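Residue numbers (my numbering), protein chains in the order written: chain A, 1 to 252; chain U, 253 to 534; chain Y, 535 to 777.
Just so you know, these hints were derived from the structure itself, not from any lab. Remember, predicted model here, so these are calculated numbers, not experimental data. Treat the hints with care, since some could be wrong.
Claimed, not checked - Straight-line alpha carbon distances no greater than 25 Å define the calculated DMTMM-like cross-link-like pairs of lysine to aspartate or glutamate that follow:
| id | chain 1 | residue 1 | chain 2 | residue 2 |
| --- | --- | --- | --- | --- |
| 1 | A | Lys236 | Y | Glu746 |
| 2 | A | Lys64 | A | Glu87 |
| 3 | A | Lys239 | Y | Glu689 |
| 4 | A | Lys116 | Y | Asp665 |
| 5 | Y | Lys775 | U | Glu492 |
| 6 | U | Lys275 | Y | Asp665 |
| 7 | U | Lys370 | U | Glu439 |
| 8 | U | Lys308 | U | Glu492 |
| 9 | A | Lys116 | U | Glu289 |
| 10 | U | Lys386 | U | Asp431 |
| 11 | U | Lys308 | Y | Glu767 |
| 12 | A | Lys89 | U | Glu354 |
| 13 | A | Lys64 | U | Glu492 |
| 14 | A | Lys89 | U | Glu439 |
| 15 | U | Lys273 | Y | Glu739 |
| 16 | A | Lys239 | Y | Asp665 |
| 17 | U | Lys265 | Y | Glu540 |
| 18 | Y | Lys710 | U | Glu256 |
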Amino acid sequence: MNNNKQSPLLLEDGRRLDGRQFNELRPISMSTGVLERADGSCYLTWGNNKIICAVYGPRELHPKHLARPDRAIVRVEYRLATFSVGERKSPAPRRREYELSKIIAESINSIIFLEKFPNGTVDVFITVLDADGGTRCAALTAASLGLADAGIPMRGLVTGCAVGKIGDNIVVDLSDVEDKEGQGDMPVAMIYNTGEITLLQCDGKFTTNDVKEGLKLAKEAIHDVYQMQRKAVIAKYSKIEELSKDTNDEEE
Amino acid sequence: MRSEQILGNLERKHLTDLLAKGKRVDSRDFMEVRPIEILPNVIKKAEGSAMVKWGKTVILAGVKTTLGTPFPDTPNDGVITVNIEISPISSPAHESGPPGPEAVEIARVVDRGIRESKVIPMKDPRLCVIPGKKVWILFVDIYVLDDGGNIIDAAALAAMAALANTRLKKVEIDEEGEDATLLEETEPLPRNGSVASMTYAKINDYIVYDPNLNEDRAKNARFSLAITNEGIVCSMQKGESGVFTENEIETLLDQASIHVKRLNDLIEQTSQTGEFNEMFSI
Amino acid sequence: MSILVERNQLVIPGEIIARGSGLKTAGGVYRREINNQTEIVASMIGLAQVRNDRVGVVPLEGCYIPLEGDIIIGKITRVGITSWNVDIRGPYVGMLRVGNVIDRDFDSLRESIDRILQIGDIIKAEITYFDRTRDPVLTLHGRGLRKLTSGRLIEVDPVKIPRIIGKKGSMIQLLKNMTGSQINVGQNGRIVLKANNIDLENLVERAIRKIEAEAHTSGLTDRIRDYLEKEKERLSNRSNKDE
Numbered sequence: 001m002n003n004n005k006q007s008p009l010l011l012e013d014g015r016r017l018d019g020r021q022f023n024e025l026r027p028i029s030m031s032t033g034v035l036e037r038a039d040g041s042c043y044l045t046w047g048n049n050k051i052i053c054a055v056y057g058p059r060e061l062h063p064k065h066l067a068r069p070d071r072a073i074v075r076v077e078y079r080l081a082t083f084s085v086g087e088r089k090s091p092a093p094r095r096r097e098y099e100l101s102k103i104i105a106e107s108i109n110s111i112i113f114l115e116k117f118p119n120g121t122v123d124v125f126i127t128v129l130d131a132d133g134g135t136r137c138a139a140l141t142a143a144s145l146g147l148a149d150a151g152i153p154m155r156g157l158v159t160g161c162a163v164g165k166i167g168d169n170i171v172v173d174l175s176d177v178e179d180k181e182g183q184g185d186m187p188v189a190m191i192y193n194t195g196e197i198t199l200l201q202c203d204g205k206f207t208t209n210d211v212k213e214g215l216k217l218a219k220e221a222i223h224d225v226y227q228m229q230r231k232a233v234i235a236k237y238s239k240i241e242e243l244s245k246d247t248n249d250e251e252e
Numbered sequence: 253m254r255s256e257q258i259l260g261n262l263e264r265k266h267l268t269d270l271l272a273k274g275k276r277v278d279s280r281d282f283m284e285v286r287p288i289e290i291l292p293n294v295i296k297k298a299e300g301s302a303m304v305k306w307g308k309t310v311i312l313a314g315v316k317t318t319l320g321t322p323f324p325d326t327p328n329d330g331v332i333t334v335n336i337e338i339s340p341i342s343s344p345a346h347e348s349g350p351p352g353p354e355a356v357e358i359a360r361v362v363d364r365g366i367r368e369s370k371v372i373p374m375k376d377p378r379l380c381v382i383p384g385k386k387v388w389i390l391f392v393d394i395y396v397l398d399d400g401g402n403i404i405d406a407a408a409l410a411a412m413a414a415l416a417n418t419r420l421k422k423v424e425i426d427e428e429g430e431d432a433t434l435l436e437e438t439e440p441l442p443r444n445g446s447v448a449s450m451t452y453a454k455i456n457d458y459i460v461y462d463p464n465l466n467e468d469r470a471k472n473a474r475f476s477l478a479i480t481n482e483g484i485v486c487s488m489q490k491g492e493s494g495v496f497t498e499n500e501i502e503t504l505l506d507q508a509s510i511h512v513k514r515l516n517d518l519i520e521q522t523s524q525t526g527e528f529n530e531m532f533s534i
Numbered sequence: 535m536s537i538l539v540e541r542n543q544l545v546i547p548g549e550i551i552a553r554g555s556g557l558k559t560a561g562g563v564y565r566r567e568i569n570n571q572t573e574i575v576a577s578m579i580g581l582a583q584v585r586n587d588r589v590g591v592v593p594l595e596g597c598y599i600p601l602e603g604d605i606i607i608g609k610i611t612r613v614g615i616t617s618w619n620v621d622i623r624g625p626y627v628g629m630l631r632v633g634n635v636i637d638r639d640f641d642s643l644r645e646s647i648d649r650i651l652q653i654g655d656i657i658k659a660e661i662t663y664f665d666r667t668r669d670p671v672l673t674l675h676g677r678g679l680r681k682l683t684s685g686r687l688i689e690v691d692p693v694k695i696p697r698i699i700g701k702k703g704s705m706i707q708l709l710k711n712m713t714g715s716q717i718n719v720g721q722n723g724r725i726v727l728k729a730n731n732i733d734l735e736n737l738v739e740r741a742i743r744k745i746e747a748e749a750h751t752s753g754l755t756d757r758i759r760d761y762l763e764k765e766k767e768r769l770s771n772r773s774n775k776d777e
């Protein structure tokens, strides 16, 4: 581990500006089923990020010419709210939003059993209401829960977390300022249960060893985030469970 | 058209049969409003924000401020612009894409209420910082997150509540009066009172206040008004293809004058509280 | 073969339910080969079940997948020349031909089928044919199948319908008997209910929502019975006070 004391992103004792250690995540919370109209939904906070995701589907696809006769398609809209960033952003999507929508859709494509719904579509709408770095991984993590909440059959949940490089050190979960001022950013997403990587990008300057170390660190972080996803689902049903008595199974 | 936009004939009949008996589907009186909650200060990056939960409708408004040049025809006025996104998040019936005519109408109606009421004093020196050169530009952006009916009133309330919680950075003007520097310290956006919107839906011959989702789909006509806390009507909008009689409009004017008080009170209770709130309690 | 979860344990997609060979599957799971071993993995949020050597997950969330023989409640969304499109919820659009509605001959040149069924009409129909590659085929020929003209329509999660009906119809019978109401249940998660007054209708709807929310718990029938008794008493006390 290098200790570049001159990095403005590190405090004197080696901690990051917000007091975190290199392998520490920001506070994260998640809950599902928060919207009435959507088939599935998830509200997720990650540090100062606030993300709402609504899933509709599988449902009929309009316009029909986009339909595939052998399977459903996945459409993802990732959008930043105008007030979610420092300078007000025009509501019209920018190229970054189109790119992120595409890579999130591709990540989701690899987990859903789309062949079960030919000619259909699974529509995932994600809006970042408050942005503070690492939104694509948080968005994908939320989308995963939204899909499960909608009852879409999947191989497993996708979980994301970015790693990055600041002061020559590989750290987990970059905040906005660390992303802007640091040496590199590497978003990662995996199907936790199988270890398959469904999203991987980087921008910055990494040695190949950096990347390998980053992947290891990301995997550990993803383990923790996955546990939170699991807890979020179970929490929704446990609340109701508490109301019921624990008698023997009587029907079904 | 998506099948979700078609109101089933059974639902329509059930609704109108109940109205004939003087009842509404959700057991409200004809002139009764649904439960309303305002959560101010929910977005850290916004200079002002509020989430409104109105019945099952959930709407989020955020205000972003920037110091810029005024419009040439109003050199001594701050600028306010209102935009609404009826996001496909909010309903299976809403398509993605730029705002359509429905969204544009709602944005303009909400804008009109705020602008004509003059509750935000555009010529105030805190907003018109250097006349002709530097004014505050307020972007009010409204996102519909869950459509449970009556978007107009909930959007107007969210916009007003977000403005009521907006804070502007203090400005230091240089000696020549040419340039302004932003300081870190903030002050509340100047505001004189508040304005709120009331919407009435006409279904056959019956008029109800604050239509829920099915009433919204069943209505033949709608009438919305914006009234200030001083009882001044500053905007009216009759919508849809049905008609109102003069008597009906007069009755609604009286009703709205009663209904507005509650909404304006809610704005004052949740204004500049300074506390941050969580949008969906977890 | 090893079962890795407890009976009725809440599982999420990706969790391994069982490992080994010779395992048969029910719904809500998929099979995966890893290191020459077969794993049965959950594909939905639901309750793990092992019954008669079949491993599966009873889903707690999901859309409606048509099954031949299902009785559903649909909404006419399009009127054609000799057939209608029917919204049955979910990704599949039902098809209803005029020959499956009326008994007499139909001349499409002289008659328009919207005199029989219009856009927005709510119907109770049966699914007579479905394979995923084509639209499900519906019929109104059958006992109780018809256009529904009165009552309150509510929509619930389709996966909760079995719980709302109950074993051998026990739950739905309980609701009907205790409130004197008529309840038409569609497998696709639509329910049309009718009671003598609005208070009873509201009560039936509340009870159905309660079953929907607590579908994954046990002892539900007793709890619903208690709930209905209490609520009915509260309603009669209230009306006694009014007199």
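Hints versus structure:
no., hint, result
1, Lys236/A - Glu746/Y, "14 Å, holds"
2, Lys64/A - Glu87/A, "39 Å, violated"
3, Lys239/A - Glu689/Y, "23 Å, holds"
4, Lys116/A - Asp665/Y, "11 Å, holds"
5, Lys775/Y - Glu492/U, "43 Å, violated"
6, Lys275/U - Asp665/Y, "44 Å, violated"
7, Lys370/U - Glu439/U, "19 Å, holds"
8, Lys308/U - Glu492/U, "23 Å, holds"
9, Lys116/A - Glu289/U, "41 Å, violated"
10, Lys386/U - Asp431/U, "8 Å, holds"
11, Lys308/U - Glu767/Y, "29 Å, violated"
12, Lys89/A - Glu354/U, "22 Å, holds"
13, Lys64/A - Glu492/U, "30 Å, violated"
14, Lys89/A - Glu439/U, "23 Å, holds"
15, Lys273/U - Glu739/Y, "20 Å, holds"
16, Lys239/A - Asp665/Y, "38 Å, violated"
17, Lys265/U - Glu540/Y, "48 Å, violated"
18, Lys710/Y - Glu256/U, "29 Å, violated"
In this structure, the earlier hints numbered 2, 5, 6, 9, 11, 13, 16, 17 and 18 are contradicted, and the remaining ones agree with it.
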